[in-house]
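Enquirer: Here are the chains, one letter per residue:
4 protein chains.
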Amino acid sequence: MIIVIKKDTTQEAIDHVVAKIKEAGLAVHISKGKERTILGAIGDEAALASIPLETFPGVEKVMPILKPYKLVSREFRKENTVIEVEGVRVGDKEIVVIAGPCSVESRESVTEAAIKVKEAGAKCLRGGAFKPRTSPYDFQGLGHEGLKHLAAAKKVTGLPIISELMDPRDIELVCEYVDIVQIGARNMQNFMLLKELGKIDKPVLLKRGLAATIKELLMSAEYIASHGNNRIILCERGIRTFETATRNTLDISSVPVLKQETHLPVFIDPSHAVGRWDLVNPISKAAVAVGADGLLIEVHPDPEKALCDGAQSLKPSKFSLLMEELRVVAEAVGRTI
Amino acid sequence: MIIVIKKDTTQEAIDHVVAKIKEAGLAVHISKGKERTILGAIGDEAALASIPLETFPGVEKVMPILKPYKLVSREFRKENTVIEVEGVRVGDKEIVVIAGPCSVESRESVTEAAIKVKEAGAKCLRGGAFKPRTSPYDFQGLGHEGLKHLAAAKKVTGLPIISELMDPRDIELVCEYVDIVQIGARNMQNFMLLKELGKIDKPVLLKRGLAATIKELLMSAEYIASHGNNRIILCERGIRTFETATRNTLDISSVPVLKQETHLPVFIDPSHAVGRWDLVNPISKAAVAVGADGLLIEVHPDPEKALCDGAQSLKPSKFSLLMEELRVVAEAVGRTI
Amino acid sequence: MIIVIKKDTTQEAIDHVVAKIKEAGLAVHISKGKERTILGAIGDEAALASIPLETFPGVEKVMPILKPYKLVSREFRKENTVIEVEGVRVGDKEIVVIAGPCSVESRESVTEAAIKVKEAGAKCLRGGAFKPRTSPYDFQGLGHEGLKHLAAAKKVTGLPIISELMDPRDIELVCEYVDIVQIGARNMQNFMLLKELGKIDKPVLLKRGLAATIKELLMSAEYIASHGNNRIILCERGIRTFETATRNTLDISSVPVLKQETHLPVFIDPSHAVGRWDLVNPISKAAVAVGADGLLIEVHPDPEKALCDGAQSLKPSKFSLLMEELRVVAEAVGRTI
Amino acid sequence: MIIVIKKDTTQEAIDHVVAKIKEAGLAVHISKGKERTILGAIGDEAALASIPLETFPGVEKVMPILKPYKLVSREFRKENTVIEVEGVRVGDKEIVVIAGPCSVESRESVTEAAIKVKEAGAKCLRGGAFKPRTSPYDFQGLGHEGLKHLAAAKKVTGLPIISELMDPRDIELVCEYVDIVQIGARNMQNFMLLKELGKIDKPVLLKRGLAATIKELLMSAEYIASHGNNRIILCERGIRTFETATRNTLDISSVPVLKQETHLPVFIDPSHAVGRWDLVNPISKAAVAVGADGLLIEVHPDPEKALCDGAQSLKPSKFSLLMEELRVVAEAVGRTI
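Residue numbers (our numbering), protein chains in the order written: chain A, 141 to 477; chain B, 141 to 477; chain C, 141 to 477; chain D, 141 to 477.
Since the hints were made in silico from the structure, they are not lab data. Do not take every clue at face value.
Stated by the list, open to error - Cut-off 20 Å, straight-line C-alpha distance, at most; resulting in silico cross-link-like pairs (SDA-like, lysine to any residue): (1) B:Lys355 with C:Glu200; (2) D:Lys233 with B:Val468; (3) A:Lys172 with D:Glu215; (4) C:Lys172 with B:Ile170; (5) C:Lys210 with D:Ser275; (6) B:Lys458 with A:Gly198; (7) A:Lys445 with B:Val158; (8) B:Lys207 with C:Thr149; (9) A:Lys458 with B:Pro197; (10) C:Lys218 with B:Asp148; (11) A:Lys455 with B:Glu356; (12) C:Lys233 with C:Pro456; (13) A:Lys146 with D:Lys207.
Isolated chain A, as found in the complex:
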């Protein structure tokens, strides 16, 4: 850690900072320049994390050197993590497309969706049973019933299923049914939930929060990993900016940044990122081209009748066409779908 001391700071104040760092078990290197004195704290940076050095008299700024995440970092593990789910390999050469309706509405409709997306080449079925909705007056999902419908659709198609968990009290119930546990953007920093996810033996798909930095996304993954579960899939789904033409702003650069920083698979959810079905096609192509390991796409047998997020759902025919086009793009960047 580097500590920059303000000009004209008394020696006493500098000594006070130095003493504090040494107390924490680190060595200090002092460099006096014409304009600033710089302290280099050498040793275990984590031991300094809980000391508010920036509040000490004379301290101008504190600059950490090391990254705050460890287990999920590329430094910790150089090879890509590949996660096996019911025979599907996530994070490998093949790009994995997860598709299905935003929310499970009935056994029939989710099974129909499952059949259609499987035919088109999807490798996993998505569908919300517990739905986070901005308004208390909107459809909140079918809950346990919805999970059962998903299981029925899995039985018919063989597709592994992913569904969102919102409440630590539901973790056993959800794990009984799903193959991948989805954590939504609004719960990316629900730390109580993250700790519980560290104890389960299912993979977790962790969505980036609307206002979360890439570093914070990795810290949330570190929560799960440090509690024992390292089968984590990261998912970019758009961040909140001033632009209103799309529901959110897809931060497509986050994919190559994440691929450098972490060994975990990185997905993109074009449907939530843009919020408009007519933009899902080009954005999905961009996602494949940029190097995403998978996509999460909303498909509904009849979007006009969807109880949730119909505006961003593709019809099965359009999804099928998209998959064909994505295959060509995937090949162009040395991947398959």
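Given chain A, work out where chains B, C and D should sit, using these hints.
Expert: Chains B, C and D only, in chain A's frame:
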């Protein structure tokens, strides 16, 4: 609801939209202009909320007319809501200052803080027992033990206490000890938690999320109100922007906007908004001047030793001075502290 | 235009609004619902633009129906605009790559860059003579001398050249040398400059401002078009958000949104968007896949010695490799490079 | 400057970086830790600014130590700068209120506004002659004619005048009439204009750009100062965020941050920040309480007829009332108005 139809849309497509609106039980007024056809849907707008009209062929945009929140709106209730907590009236002419350490670290330190902030004029004691921390390696709070220390501090000073709830499984435990339940920014859209809060008989202080609009903050309050609890205090604590000179950007305008939109009391948390103790003084004055009903200020007997957010905590002596200065500003705007 | 009237507004106040709209020459349709009265102003919406209706007593909100841009809109012209520059067709099936150094540093270096990028397949040479720099102490460009060096590089390679104009006083000088005039992000709303650009007979590449919405970008293009010049190329180069892992956040969705809204060609500048050369490759692929009509890429013979933005510049060898890879992606989406 | 080297970097690569720094005339201190090697470059940091060290093999990140602005910094000059304009002292104990219409519409209306705002206590008259408007179809200001009307209003009232300059070609004309030159948010990084402003002998009021950091605002001020003019007033007028309830988000914390960083006076423009006249009153009070040296407030004799920004303009009677209330708040924080 107003539905704008794209130029050159077929009559068939328009009829389809009209039919759908009528099916939902609303009347439709059609206005054909030279450039656009406009549909006005007259009746219960909520009945249309679940229909993704923007996805229908020919629809250019959909513009809701009514506000999505009801119970918390100023229209629903014209007078300010005043919430009584252990003899303290929140939302009345007196501005209520809540102060104390970021996290409870020991019985002694939180009691010392309580005595000091009471002397200075604070009306309520804050202190975190369960702490949401970005890193899994940071201090996570004392949990149940911390709640007991708060209770001890209350016994000594008589100050009502507020502490954060993060997990629905802790709701009974937390309610046993605290007088006001605090919901942090990261849980503003933890809808499972919000629903539970609707069932308790304690006031809730709901902090605005880092990327939450004012409308979304009100919708989260509506969750609590619609489940039965209307003793809600809203709290602005800074939003996330591109500016890095401060931890967050305090959206001070949100206070007069909220005072127009809702009858609920509105607080400001200057400490979290700016993240630097040396800015807490001027920002607190601005908060009082702009019309906030209360402040949430971090005070620690020894900020250099704070286990959490020491950089933004005031020493008791500085807090005491601040309170004196705030009294003068409060008087200047017709309030008291 | 739709005007929503607040509940409990007096008839007198409503009449006042209605009178004002009629005064401006529009007809008014009044719809009284249970909750709100809605006024529909029918006729030339532009005539209402200068009346601050939202400030009239009783007005809750004002919602425009029509888009504020005309000449640049897809409604005005259905077919893509193709701009010919020295034999290069911009906006056609072929994706046009513009490459070269951030700033012109010497005749030798810019000529070397020109030769290299041409060999790799670039169709146009970029190079800044006038440089907008955040600090007054940074290299400000060679000015007129730089333009001469660009002309020399053009003479050697035949590549048309693009360079930035920052000052209306330099417009004649710059137009004497360049084939496309570049307007940087910081000048997207330099309206005096935009008006002048409407009078020249050179194509303009207009970059989106750091905090500009897509609508505002189109309004700035409308400035140029309404003053007489409709040869405009739009360029997305990243917007400012809270994320700091990249220099800016590339808003990749803006491309398909713009392709719907306007007939003008749309480019992406990956170098400025991310600010790191090691991310330019995947982002360029995404740009091609999403449907951009061209790319603006920084290439420097020796990035370590670049006087400006070396961190985001590719070496010629890396650029050459990128072009080969882009050709495959272009083909995958039915384009060529 | 601190340069952090990636783990496992070769000695050769490190030597290369070290050589480069020494070549630039700085000394290098090398510190090898267990996890990272850290290079401290000691000497004139500016000499390193043009070397893209982050692009060198093995470099993880580059952290500057010194602030990039000098002349405008509090370090350079400890005392507050007080600027005298026609007998008005800006930056002193008295808070200076500048008021008037958004744009000059006629000699009569601007003179009427001037008389009214002077009566209420304003010390300076604002009014736009050249108007930056998002749409080319909106009123663009009266230009030279508008400046003459301002001069007439000054003659009647004695109030010094401030008006916006947008084009370097108008600088002589504008300086002939105005007492303070205003640079709008969209031109904060119009560096050609800033350089010219360094050569004039009029004070400049420099508004913060919509997406400009506090540091960038100071760098733009440094442009003016480094070219010879140090009579600069900074003005916060709201930044662009995701929140849409107000036109912009007033970054009120920027005032105390700026007062720490610079000796220049700092103003707030509540009218542009919020864009709604009904919020100007509370926001102005907050601005005074937080420590602003002045306010810029839009006042129009008849806002309903304003050709520009009527929605955010106060009627003279409301302005007069506001000034009375502000006087009490100013007194509460030890200032006068």
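Enquirer: Can you list which hints this structure breaks, lowest number first?
Expert: 11, 12
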